[in-house]
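Number of protein chains: 2
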Amino acid sequence: MNAKRYCMDMKKPIYQQIKEELQAYIEGLAANTPIPGERELAARFHVSRMTLRKAVAQLEQEGYLYREMNRGTFVADKKLRKQANIVPSLEADHCYRYKVLYFDIKERSESDVQYNLEIAFDEYILRVVRLVLNENIPVCIEEIYCARKNISDEQLGNLNAFLNMDQYTQKGSIRQTFLPMMIPTQYASLLHLKINTPIIRVDSLIHKKDGRPFIYIKSYNHPEMKRIEITI
Amino acid sequence: MNAKRYCMDMKKPIYQQIKEELQAYIEGLAANTPIPGERELAARFHVSRMTLRKAVAQLEQEGYLYREMNRGTFVADKKLRKQANIVPSLEADHCYRYKVLYFDIKERSESDVQYNLEIAFDEYILRVVRLVLNENIPVCIEEIYCARKNISDEQLGNLNAFLNMDQYTQKGSIRQTFLPMMIPTQYASLLHLKINTPIIRVDSLIHKKDGRPFIYIKSYNHPEMKRIEITI
DNA sequence: CAGTGGTCTAGACCACTTG
DNA sequence: AAGTGGTCTAGACCACTGA
Chain A
2 MNAKRYCMDM
12 KKPIYQQIKE
22 ELQAYIEGLA
32 ANTPIPGERE
42 LAARFHVSRM
52 TLRKAVAQLE
62 QEGYLYREMN
72 RGTFVADKKL
82 RKQANIVPSL
92 EADHCYRYKV
102 LYFDIKERSE
112 SDVQYNLEIA
122 FDEYILRVVR
132 LVLNENIPVC
142 IEEIYCARKN
152 ISDEQLGNLN
162 AFLNMDQYTQ
172 KGSIRQTFLP
182 MMIPTQYASL
192 LHLKINTPII
202 RVDSLIHKKD
212 GRPFIYIKSY
222 NHPEMKRIEI
232 TI
Chain B
2 MNAKRYCMDM
12 KKPIYQQIKE
22 ELQAYIEGLA
32 ANTPIPGERE
42 LAARFHVSRM
52 TLRKAVAQLE
62 QEGYLYREMN
72 RGTFVADKKL
82 RKQANIVPSL
92 EADHCYRYKV
102 LYFDIKERSE
112 SDVQYNLEIA
122 FDEYILRVVR
132 LVLNENIPVC
142 IEEIYCARKN
152 ISDEQLGNLN
162 AFLNMDQYTQ
172 KGSIRQTFLP
182 MMIPTQYASL
192 LHLKINTPII
202 RVDSLIHKKD
212 GRPFIYIKSY
222 NHPEMKRIEI
232 TI
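Chains as they are written, first to last, in the numbering used here: chain A, 2 to 233; chain B, 2 to 233.
Treat the hints with caution; some may be incorrect.
Which copy is meant is left open, so a pair is good if it fits within one copy or across any two.
[Stated by the list, open to error] When the alpha-carbon atoms are kept at most 30 Å apart in a straight line, the in silico DSSO-like pairs for lysine-lysine are as follows:
no. : residue 1 : residue 2
1   : Lys107    : Lys12
2   : Lys209    : Lys83
3   : Lys172    : Lys209
4   : Lys79     : Lys55
5   : Lys13     : Lys195
6   : Lys210    : Lys83
7   : Lys83     : Lys150
Treat the hints as calculated values from the structure; they're not laboratory data.
My request is simple: use the sequences and hints to build the entire structure.
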């Protein structure tokens with residue numbers, strides 16, 4: 002956290018750069034350590050207080066810092082950092098391997114898929130089923146559905162790129178539903194589970210910003226290998 | 002969305018008032034309707050653009066609006082509004098009824114409770130078990146744990162006030178874990194469930210801002226009556 | 001009392017889209 | 001060329017805390 006000049010924009014907003022520097026600075030500090038006041042930090046970084054505040058506000062929202070009115074800003078406990086570790090494909094830094102079990106394009110699909118994707122019952126649907134592995138250990142099985150009309154021929158040619166969900170999560174909204182059930186018999190052995198094992202299926206519906214549903218994912222999670230956890 | 006003056010502060014920040022007015026204004030509009038530009042809105046409300054932006058930014062974050070770079074700001078589809086409808090006690094506007102099944106203060110508790118609340122194995126623990134009802138239909142059973150030392154005698158006297166979780170969620174952090182399991186036999190009939198019904202237990206750990214764990218809740222959810230759903 | 005975070009202003013420039 | 005959202009500045013006042 003030294004006094005560096007920020008004239009050399011690298012196309013990145015100043016508050017982003019400051020945010021990253023603060024984040025690195027915080028990393029080494031014990032929880033509940035106070036950090037310097039906003040005026041002092043602004044001076045050190047040679048920016049206005051409003052810009053500095055934007056960086057701090059984001060770090061606060063992500064659970065790196067917390068503020069106390071009229072007292073100061075403090076380093077937050079690491080375990081309080083916000084995260085939503087729910088579905089492998091939708092995790093920020095997923096280091097998973099995927100093994101496509103099969104994929105097809107078919108007319109007619111299950112009614113819940115039609116309902117969620119808001120399509121007529123005679124529309125073509127892309128379906129991909131894949132096993133998700135973490136260091137060769139199966140963590141879940143994902144069934145991915147998308148209306149054919151919403152996929153360009155080019156995207157269909159490069160299915161791996163299409164199935165990288167990062168690109169959608171940023172510029173859209175996701176609704177997730179959690180359903181308790183027995184592991185479906187056809188998936189039990191793939192996940193190394195006995196039949197009648199209770200699992201959680203997470204249904205994720207990715208919307209475009211205008212509200213049109215785009216991709217629907219049913220994720221059958223291994224109860225031990227895939228811990229579902231969020232910090233808010 | 003008329004041009005009202007904002008001199009009469011009612012202790013509420015201007016951006017809050019504007020946010021509420023915009024929210025009301027939006028309510029009647031169809032999804033994807035563009036709203037006026039920031040400069041025009043700022044003029045209408047007689048505030049600076051930065052203040053106006055703060056109101057809009059919050060509405061965007063909550064899923065009421067979305068912005069498109071260099072294009073404009075639009076009304077978001079209602080179904081994209083952010084929500085985390087997970088545990089009854091922690092829901093924003095819970096209209097549930099609670100029926101305490103029993104409560105006690107005991108030495109020694111289950112090891113997972115000790116672990117999560119970070120207490121020694123000989124510390125006294127308050128435990129409350131209650132049935133949660135939505136219009137007389139049972140939706141879940143909550144086991145609530147809190148270290149006795151963290152509860153004042155006064156709070157203990159007014160248990161209902163203490164168990165109102167609103168007060169903690171604002172000024173703290175919550176970690177929630179989702180566990181698939183069979184309904185515990187002792188709870189099956191209370192929730193009107195057959196034994197061997199798969200359910201989701203949601204474990205919520207409420208922390209103070211300094212990272213100290215405070216309250217631990219195990220919520221056994223009725224799979225049909227309590228739908229677990231989040232929109233992010 | 002000095003210092004804190006919270007709010008607010010009235011400007012400014014930028015990159016970009018759209019007619 | 002006009003309009004958009006995104007960023008940034010250099011001030012200001014407020015209510016509150018804590019020594």
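Results for each hint:
1. Lys107 x Lys12: neither (45 Å within a copy, 59 Å between copies)
2. Lys209 x Lys83: Intra 24 Å, inter 14 Å, cutoff 30 Å: intra and inter.
3. Lys172 x Lys209: within (7 Å within a copy, 32 Å between copies)
4. Lys79 x Lys55: both (21 Å within a copy, 28 Å between copies)
5. Lys13 x Lys195: neither (51 Å within a copy, 57 Å between copies)
6. Lys210 x Lys83: both (23 Å within a copy, 13 Å between copies)
7. Lys83 x Lys150: Answer is between: at 28 Å across copies they meet the 30 Å cutoff, but 36 Å inside does not.
In the structure shown, a violation is registered for the earlier hints numbered 1, 5, in ascending order.
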